[in-house]
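If you want the building blocks of each chain, they are given just below.
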Amino acid sequence: MTVATPTDSTKRPAGRGPRTGAEWVTFTIACALLVALAVVIVTRSGDDAPAEPVASQTGSIIRSAAGYEVPVEVRNVGGRTAAEVQVRVELTIGGEVSESDQVVDFLAGDDSEDLTFVFEDDPADGELVVEVVGYATP
Amino acid sequence: MTAASAVDQRGPWATEGVELVAAASGGLLFGIPMLMTMEVWWTGSHTTPLQAAGVLVLTSIPVFLLNRTSGFRSTRDVRVRDAVMDTVEAVALGLVLVTVVLYLLRELTPDTPISVAIGKAVYEAFPFCLGISVANHFLRGERTEGDDDEATEASPDGGLSATAKDIGATVIGSVFVALNIAPTDEVPMIAAALDPLGILALMAASLAVSYGIVFGAGFSRQDQRRQHTGLLQSPASETVSSYLVALACAALMLLMYQRLGGPWTLTLDKVVVLGLPASIGGAAGRLAM
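Residue numbers (our numbering), protein chains in the order written: chain A, -4 to 133; chain B, 150 to 438.
Honestly, the hints are just simulated from the structure, not real lab data. One should not assume that every hint holds.
Residues from chain B shown here face chain A by an in silico Cβ test under 7 angstroms; the list is partial [claimed, not checked]:
| id | residue |
| --- | --- |
| 1 | L199 |
| 2 | A202 |
| 3 | D334 |
Every value quoted in this text rests on a predicted model; they were computed, and no experiment measured them. Just so you know, even glycine gets a beta-carbon here, dropped at the ideal spot from N, CA and C.
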């Protein structure tokens, strides 16, 4: 078995010629990309408003094999990310309250998540309350 | 054929293209396990733009140092100025490619907020860019002239032995890269998030990357590989058959870790998802052996 030389000096030519046109093009594109990224980072670094997750019902209730499905969207209208966002939907029919909870792991600023809550009884018969009951700082 | 004359014959644009493919190959080899790690996606989700900038700066330092010594260019003895420019290109290329892969895996969508997208891309780009910087060192190979002579003599032999060697190398490479990922939850997570079009896109990407690593990146013994005759030895058929071998390996790994249950459609999706790192590893394995 032959011993491999420690570097790849046998394969690559030593030293580089002047940069070719193609290399300048890729370098310029790369620079432009990084500059654009830096600009985006700088302009968004002031986005430090505290997290504010808000839940609301979106669209009408669907009757399915599982039951009555309530579509809900929870959106973080603040700047910072909220973790463990707990969304609760309460259905009150004639004094009886049934609840359904879901937890969203991460909700970044401006991000939203679509959830579906399922109830046995028809929400049209009673009162639906959709709210965020808690969240954590990641 | 020395690398220098190969550069001259290809022309500057083709050379640049080949070097970028080489960079991408190195990046993928190092970066694909992190690209399929949910904790990195989560960290990216709650990264502030300032933290992202810090990670980018941190990434640039080892990338610059590595570019000074190995890098992805087909020449050595890189000067400081060239290393800086290569670092800029490596970081930009890494960011672009991880964004593409994150889109393929549906971790980034058109609805993703910009700060989340930047956070995820920047954290995933760190190992990717390291891979770009060592692409030459690991993939261009440290072979003596003696090894190449043996290979030249072996290839006219052609036929089944070359095919068997390729299959073996694909298997070893696939297992090497994909075994870490096989038992993890990310595989069914990604599989669940992909619609049929996404699965097809993943397959196309796996084939393209596999071809690029072995035949497109200017790494060792490529011209000899193109001239291989024998069963399944033309570049296109070798790429396709190696992809099938990688998929088979992925299925076996999932089976071994008891991760294959459920409807057959989900199983197929999981195999294709694990097939991405498996085919990257398989391609690297064929390069290395």
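So, going through the hints one by one against the coordinates:
1. L199: 5 angstroms, holds
2. A202: A202(B) check passes; min Cβ-Cβ to chain A is 5 angstroms, inside 7 angstroms.
3. D334: 13 angstroms, violated
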